[in-house]
Amino acid sequence: MKILVMKFGGTSVDSPEHREIAARKVIRAKEDGFAPVVVVSAIGRRGAPYATDTLIEFLRSIDPSVPPNPREMDLMMACGEIISTVVMAHTLKTMGYDAVALTGGQAGIITDNEYGNARVLQIHPQAIRHYLEAGKIVVVAGFQGVSEDKMGFHPDITTLGRGGSDTTASAVGAALNAVAVEIYTDVNGVKTADPDIIPDAKTLPVISYEEVAEIAHQGAKVLHPRAAEIAMLHNIPLWVKCTFTDEAGTLVTSAEGAEGVELPEVTGVTHITGKIVYLIFHIGEVAEKPEIELQIYRMLAQADVNLYLNSYSHDTLSFAVPRERWSLVQNLLDGLVMPVGNPPQRLVIFRVGEKPTREYQLQKQMLDALGNALPVQEIVVDVLENCTMVSLIAAKLSRRPGVMALFLRTLYEAGIQVLQTADSEMSLSCLVNESDVEKAVRVLHERFVTDRAYA
Amino acid sequence: MYEHLPQPRGRRFFIEQERGVTDVRVEVGLAHVRVRAGSGERGLQNHLKILDAIAEQGVSISLVKIHHDWITFAVNQADVAKVSQRLEELALEYKIAPDLALVITIASNMRESAGIMAQIAEALWEASATIIETGDSHNTVQCLVPEGRAFAAAQALRRRFRLVEVAP
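These protein sequence lines map, in sequence, to chains A and B. Numbering follows the numbering used here, in which position 77 of the first sequence is assigned residue number 77; successive positions increment by one, without gaps. Numbering follows the numbering used here, in which position 129 of the second sequence is assigned residue number 1129; successive positions increment by one, without gaps.
Derived by calculation from the structure, the hints in this document are not laboratory data. Mixed in with the good hints, there may be bad ones.
List of simulated lysine-lysine pairs, PhoX-like, C-alpha gap at most 25 Å [unchecked claim]: (1) K30(A) - K2(A); (2) K2(A) - K25(A); (3) K289(A) - K1095(B); (4) K1082(B) - K1095(B); (5) K2(A) - K136(A); (6) K25(A) - K93(A); (7) K289(A) - K396(A); (8) K439(A) - K1095(B); (9) K396(A) - K1049(B); (10) K1082(B) - K396(A).
Footprint (simulated), chain B over chain A, 3 or more residues, beta carbon under 8 Å [unchecked claim]: (11) 69-82; (12) 119-128; (13) 211-220; (14) 310-316.
All residues carry an ideal CB built from backbone N, CA and C; glycine is no exception.
Okay, chain A solo, but in the shape it has when bound (with noise of 0.2 Å):
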């Protein structure tokens, strides 16, 4: 038996017309003799009646101050998916073919505790198989597993957080040895840059698991990491398809997958959508500089804040925060008062920002006041917001010798200012004011895509 899995977002199921087209693919790899296992979506985006936005909207609506409980509101996103579920099996039954609809714990999908972000740990396909034998086309409810049992309790109905229901398609393909796991959006595949930025960007024929990993981590969103982790692991072919055009798409596998088609030398030009803020701490080069690195570290972990592009120096600590978090940290640092050394030698306070604020102020006045028990040390904490990221996706490339210079150099020949570089074995990454984002995606995508001017 040939299993293919092919999943469906969205859009390719938000109105009858569309779901009449999804459902002519699956019909039309029925014909060939495939036995289809269908994931879907939930149908639509916020605002559809039944799109998982609107549920957990719906949900909150009853009293915005009361936090759902994360189990409730498993529960509740899961009918979204359901609901498309038994819809799409519907359709193939009223264009004349057998389905039947399953849910995620329906298809044996098991997953960790994690209510709204949870990891699929196996998966028992018995029933999807039985399904398939008895000649029936299979659907089942992305985004969504069964934790695992508990004390002899039924299991709770979990979520796998955002792109859900792309890993549902990749672990099912797992679990079922699939031929191929196919991704059906609403773009003809993967493209060497967002096309809202560079309309005439290409799409790649084909691409690595760990590009398309990459590029979906640096902010592109045709497809959803995990799922391409997951096929990696499995070594199950993936496909990014259009459910609207018949074009053949991008083929995601391995380097020995790609069958004599060469993996490009770059896939493409990335920058991620939201904003972030990025923090340069003037620590001075002192004895005590790691101990300050650990302690500003300890705090930020117990604010659950997560840090990245993390840069040290000999009299500096850098790293960029969300900017849904900047306020957070920035009530958490500004006035912040440290000891430094065990039993303490001195204090340290923080003072975020050019001018120091009414709350620095305060903590400053009661130090004054404290007398000159211990020294005190100022640390500025220079603030560089509405920043965000641009990455060039280049595996071959990034650490060729003058790959750097040249990516430095487009940058500031177009008159971009980089905060800040980052580099993998992957990629070259530059920190730029948002106002530069799209003039660095153009230049970046001119000079290695179009221009190739590295070769």
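Position chain B relative to chain A; hints supplied.
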């Protein structure tokens, strides 16, 4: 009785990679280069001059960071002589810290894991491994530390992230 002992990980996940840290690796034989490039337009021109000069030598660089007055990067220890020679020719102030190693912490989706950097810094502090520079990607945090402390740092990280089995 042994509840406080860390439990080995990675036993339950068959489909998806377990969340959190999954491995720690060490790469030895590195050096860290710090060059005073200056600031403003002169700084930008010097960044390019420095990177071009290093590239002409066929030297691969990593952990490139731009600081107020400096540009810093890591090179293989074997390339230090070539790098020094070019920087001397450019007549720029520079410092090279030799005998370093990269301790690489690997995790699935580092950027959704608050507190990992704190745990890494704690482990390296315990191992007396001073962090010279760091880099991070979506699945790694790389810390450049003195080579002599790198393996102690890796062990401390493995203990902290429960990557080693602890006998009851």
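Next item on the list: Provide an ascending list of the numbers of those earlier hints which the structure does not satisfy.
Entry: 7, 8, 11
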